[in-house]
Amino acid sequence: MVVYSFYIFDRHAECIYKRRWLPRPTSISGKASRPTSEIPSSSNGVPPVFGQSDRTTDDDAKLIFGTVFSLRNMVRKLGGEDDSFVSYNTSQYKLHYYETPTNIKFVMLTDVKSPSMRVALQQIYINLFVEYGVLDSYPR
Amino acid sequence: MSQHPRHSAMLSISTSNSNLANAGADKQQPSQNVSTPTQSSSPGLRVPSNRKTIYDRHLNRSRTAELSRASFAFLFSEMVTYAQRRVTGIQDLEKRLNEQGYPLGLRLLDLLFYRTMSSSTSSSLSSSSTSSSPPNRPLRILPLLHLIHGPLWRLLFQRSADALEHSVSPETPNEYMITDNDPLVNTYISVPREMSMLNCAAFVAGIIEGVCDGCGFEAKVSAHNQPTEMWPGRTVFLLRFGDSVMEREKVLERAGVR
Amino acid sequence: MSTTKASRIGEELWKTRVDKINAELVTLTYGTIVAQLCQDYDSDYNEVNKQLDKMGYNIGMRLIEDFLAKSNVGRCANFRETADMIAKVGFKIFLNISPTVTNWTSDNNQFSLIFEENPLADFVELPDDGRAQDELWFSNIFCGVLRGALEMVQMQIEAHFVSDVLRGDDTTEMRVSLVRYIEDEMPPEEE
Numbered sequence: 001m002v003v004y005s006f007y008i009f010d011r012h013a014e015c016i017y018k019r020r021w022l023p024r025p026t027s028i029s030g031k032a033s034r035p036t037s038e039i040p041s042s043s044n045g046v047p048p049v050f051g052q053s054d055r056t057t058d059d060d061a062k063l064i065f066g067t068v069f070s071l072r073n074m075v076r077k078l079g080g081e082d083d084s085f086v087s088y089n090t091s092q093y094k095l096h097y098y099e100t101p102t103n104i105k106f107v108m109l110t111d112v113k114s115p116s117m118r119v120a121l122q123q124i125y126i127n128l129f130v131e132y133g134v135l136d137s138y139p140r
Numbered sequence: 001m002s003q004h005p006r007h008s009a010m011l012s013i014s015t016s017n018s019n020l021a022n023a024g025a026d027k028q029q030p031s032q033n034v035s036t037p038t039q040s041s042s043p044g045l046r047v048p049s050n051r052k053t054i055y056d057r058h059l060n061r062s063r064t065a066e067l068s069r070a071s072f073a074f075l076f077s078e079m080v081t082y083a084q085r086r087v088t089g090i091q092d093l094e095k096r097l098n099e100q101g102y103p104l105g106l107r108l109l110d111l112l113f114y115r116t117m118s119s120s121t122s123s124s125l126s127s128s129s130t131s132s133s134p135p136n137r138p139l140r141i142l143p144l145l146h147l148i149h150g151p152l153w154r155l156l157f158q159r160s161a162d163a164l165e166h167s168v169s170p171e172t173p174n175e176y177m178i179t180d181n182d183p184l185v186n187t188y189i190s191v192p193r194e195m196s197m198l199n200c201a202a203f204v205a206g207i208i209e210g211v212c213d214g215c216g217f218e219a220k221v222s223a224h225n226q227p228t229e230m231w232p233g234r235t236v237f238l239l240r241f242g243d244s245v246m247e248r249e250k251v252l253e254r255a256g257v258r
Numbered sequence: 001m002s003t004t005k006a007s008r009i010g011e012e013l014w015k016t017r018v019d020k021i022n023a024e025l026v027t028l029t030y031g032t033i034v035a036q037l038c039q040d041y042d043s044d045y046n047e048v049n050k051q052l053d054k055m056g057y058n059i060g061m062r063l064i065e066d067f068l069a070k071s072n073v074g075r076c077a078n079f080r081e082t083a084d085m086i087a088k089v090g091f092k093i094f095l096n097i098s099p100t101v102t103n104w105t106s107d108n109n110q111f112s113l114i115f116e117e118n119p120l121a122d123f124v125e126l127p128d129d130g131r132a133q134d135e136l137w138f139s140n141i142f143c144g145v146l147r148g149a150l151e152m153v154q155m156q157i158e159a160h161f162v163s164d165v166l167r168g169d170d171t172t173e174m175r176v177s178l179v180r181y182i183e184d185e186m187p188p189e190e191e
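Those protein sequence lines, which keep their order, are chains A, B and C.
Just so it is clear: in the first sequence, position 52 is 52 by UniProt numbering, and no numbers are missing.
Just so it is clear: in the second sequence, position 40 is 40 by UniProt numbering, and no numbers are missing.
Just so it is clear: in the third sequence, position 126 is 126 by UniProt numbering, and no numbers are missing.
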C-alpha cells in the first residue's frame with residue numbers, strides 16, 4: 001500500500017497538518033516513498049491530483065477541503081444525517097475520509113488498491129491527535 | 001503545630017479565625033481551602049437537612065477513590081495557564097505554582113498522620129487507649145524525608161519516589177534531593193523549548209514544602225529538570241532546610257533522638 | 001440510545017479505558033484553584049464564578065476530544081440522548097460519578113443534573129463570611145466544561161447551578177438549556 005498524502009483540518013476549516021510523500025528531483029526521504037513500479041504509466045508517474053503544475057500544497061489543501069466538505073454534505077443529504085462519507089476512488093488514487101463529531105477532518109490519499117483506512121485514521125485521531133495534541137496541557 | 005505565616009495567608013480567604021490545623025490529634029477534619037472549619041464557626045453556615053457536611057462524612061471515604069488522570073491534567077493545565085497570565089518569567093511562575101501546592105502539603109500531612117494513626121492502632125482515638133502509640137511525627141530530618149519519599153508519594157501518585165539523596169558537598173549539608181523519574185503532574189505538559197528551564201512540578205515542590213513546614217521543618221523546596229536518556233522528564237526536588245532545623249538536628253543527635 | 005445503555009458504556013469505559021489517579025489529589029488541586037481565585041479577586045464571588053466558568057470552557061473544548069476518543073460514540077440523535085451521554089458517560093469517565101438527569105421541560109430543551117456525589121467538593125466548607133453561601137458556586141467549573149464541550153459538537157447551551165449542598169441546600173442541581181444547534185463553519189471565501 002502506498003500513502004501519497006495526509007491532511008488534518010480543524011473545525012474552522014483550516015488545514016492544521018499536511019504532509020506529502022512524493023518523489024522530488026532531490027528526493028526527500030519519506031517513510032512511504034512510492035515505488036515507481038506501481039505508477040500507471042499514463043499519468044507521467046504522478047497522479048493528476050498532486051499536480052505537477054505550480055499549484056502549491058496550500059492550494060491542494062483547499063481543493064481537498066472543498067471536495068470532502070461538499071461530499072460529506074451531499075452524502076448526508078442523500079443518505080440521512082447518520083450517513084457518512086468514507087472514501088472515493090479515481091483511476092489514480094483513493095481518498096479516505098474520517099470526521100470526528102467535533103468536525104475535525106482527517107484525509108488520506110493512497111493508491112487505488114489500498115484497503116479502507118478508516119480505522120487507521122480513527123486511530124490517528126485517538127492515539128496521536130488526542131494523546132499528544134489535545135491533552136498537551138502547556139498553555140499556548 | 002504552630003501556625004506558619006504562609007499557612008494562614010494561603011489557606012484562609014475567610015476573615016474569621018483560621019485555626020485550621022489542630023495538630024490532627026482530635027477528629028477534626030482537615031478541611032480544605034476556602035474554609036475555616038472550626039466547629040465553633042459552623043453555626044453561621046447553613047447546612048443541608050440531610051447533614052451532608054464534611055463533619056458527617058468519613059474522612060477515609062475518598063481514601064481509595066479514583067478519578068481520571070485526564071481530569072487532573074485539565075485542571076492542572078488551567079492552573080498553569082492562569083498562573084502564567086499573572087507572572088513575569090519562569091521563576092515567578094514556579095514561585096506561584098509552589099505557593100499553590102503549599103497548602104495542599106499542610107492538609108495532606110494531617111491526612112497522612114490521621115491515616116497512619118488509625119491504621120496502626122485501631123482504636124487510637126478512644127479515650128481508654130493509653131497504650132496506643134502516638135502518631136509518628138518525624139522529629140529528625142531523615143524520618144521526615146522517608147515520610148515524603150514513601151507515604152506522601154504513595155498517597156499522591158500510588159508509588160514511592162525513585163531516589164533520596166543527601167548533598168555530598170560539605171558546603172551544603174542542609175541539602176537533600178528527592179528524585180521522581182517521571183512526575184505524574186508533568187505527564188501532559190510539554191514545555192516549549194525556549195522555556196526549557198521551567199518545571200511545572202514546582203507545584204509538587206510546594207506540596208513538599210507544606211509537609212516540611214507542617215512538621216516544623218522550615219525548608220525551601222524547588223523542582224529541577226535532570227533528564228537522562230531513559231527518563232527525559234526526570235525531576236529532582238531540592239530540599240534546603242533552614243539553619244534552625246540544622247541546629248536542632250545537632251541537639252537531637254546528641255540527645256540520641258532518632 | 002437508552003439511559004441504561006449509556007450507563008453500561010460509562011461503566012465499561014471507566015473500567016477499561018481510563019487512566020486513573022488518586023481522587024484526593026484532584027479534589028485538593030481544584031480546591032487550591034478556587035482558593036487562589038477567591039484570594040486574587042478579593043472574595044468577589046461573582047467574579048470567581050465567572051473565572052471558574054471560563055476555565056471550565058477552556059477545559060471543555062479539549063475534554064470533548066478526549067471524551068470522543070475514549071468513548072468512540074457518534075453524534076447524539078437528540079438532546080435527551082445528549083443529556084444521558086453527559087451524565088452517564090462523560091461524568092463517569094472523568095469523575096467516576098453519574099448525576100441524575102431529571103426535570104425535563106416539555107419541549108425537551110432543558111433538564112437538570114442532580115449530583116449525589118461531587119468529588120470536587122469533598123472536604124469543602126465555604127467561608128463563613130455571610131456572603132459565600134449566597135454568592136459562590138463552588139463547582140461552577142462544570143458549567144463551563146459543558147458549555148465548551150457541547151459547543152464543539154455544534155450545540156450552544158446555557159448552564160448554571162440552582163442549588164448546592166455547600167450552600168446548605170438539600171441537593172446539588174445544575175440546570176442545562178439548549179440554546180441552538182450551531183451550523184458548520186464554512187471555509188473562508190476565496191479571494
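Worth flagging that the hints you see were computed from the coordinates, not collected in a lab.
In this text the structure is predicted, and so the values were computed from the model without any measurement.
Please note: incorrect hints may appear among the correct ones.
[Stated by the list, open to error] Here are the simulated DMTMM-like cross-link-like pairs (lysine to aspartate or glutamate), alpha carbons at most 25 Å apart as the crow flies:
#1 K52/B with E151/C
#2 K20/C with D170/C
#3 K62/A with E12/C
[As the list claims (entries may be wrong)] Interface residues of chain C toward chain B, partial, derived using beta-carbon atoms under 8 Å:
#4 I9
#5 A23
#6 E24
#7 T29
#8 I59
#9 M61
#10 T102
#11 N103
#12 W104
#13 V124
#14 R131
#15 G168
#16 I182
#17 M186
For every residue, glycine included, the Cβ atom is placed at its ideal position computed from N, Cα and C.
Hint by hint, here is what the structure shows:
Using a Cα cut-off of 25 Å, the hinted pair K52/B and E151/C is violated, with the two alpha carbons roughly 34 Å apart. At roughly 30 Å between alpha-carbon atoms, K20/C and D170/C are farther apart than 25 Å, so this suggested pair is violated. Among the hinted pairs, K62/A with E12/C is inconsistent with the structure: their alpha-carbon atoms are about 40 Å apart, more than 25 Å. Hint status for I9/C: violated, given a least beta-carbon distance of 15 Å to chain B, over 8 Å.
Taking 8 Å as the C-beta cut-off, the interface hint given for A23/C holds, the closest approach to chain B being about 4 Å. Given the 8 Å rule on beta carbons, the hint for E24/C holds: about 5 Å separates it from the nearest Cβ of chain B. Hint status for T29/C: holds, given a least beta-carbon distance of 6 Å to chain B, under 8 Å. With a least beta-carbon distance of about 4 Å to chain B, the hint placing I59/C at the interface is held under the 8 Å criterion.
The interface hint given for M61/C is broken, as the beta carbon of that residue sits about 10 Å from the closest beta carbon of chain B, more than 8 Å. For T102/C, the suggested interface contact is broken, since its CB lies about 18 Å from the closest CB of chain B, more than 8 Å. Nearest Cβ of chain B to the Cβ of N103/C: about 19 Å, over the 8 Å cut. The hint is violated. Interface restraint check for W104/C: the shortest CB-CB distance to chain B comes to about 24 Å, outside 8 Å, so the restraint is violated.
A distance limit of 8 Å between C-beta atoms decides the matter here; for V124/C the minimum to chain B is near 6 Å, and the interface restraint holds. The restraint placing R131/C at the interface with chain B is violated, with a minimum CB-CB distance near 10 Å, outside the 8 Å limit. With 8 Å as the threshold, the beta carbon of G168/C comes within range of chain B, its nearest partner Cβ sitting at about 3 Å, so the hint holds. For I182/C, the interface hint is violated, the least distance from its beta-carbon to any beta-carbon of chain B being 23 Å, above 8 Å.
Interface hint at M186/C: violated, since its Cβ lies 30 Å from the closest Cβ of chain B, which is beyond the 8 Å cut-off.
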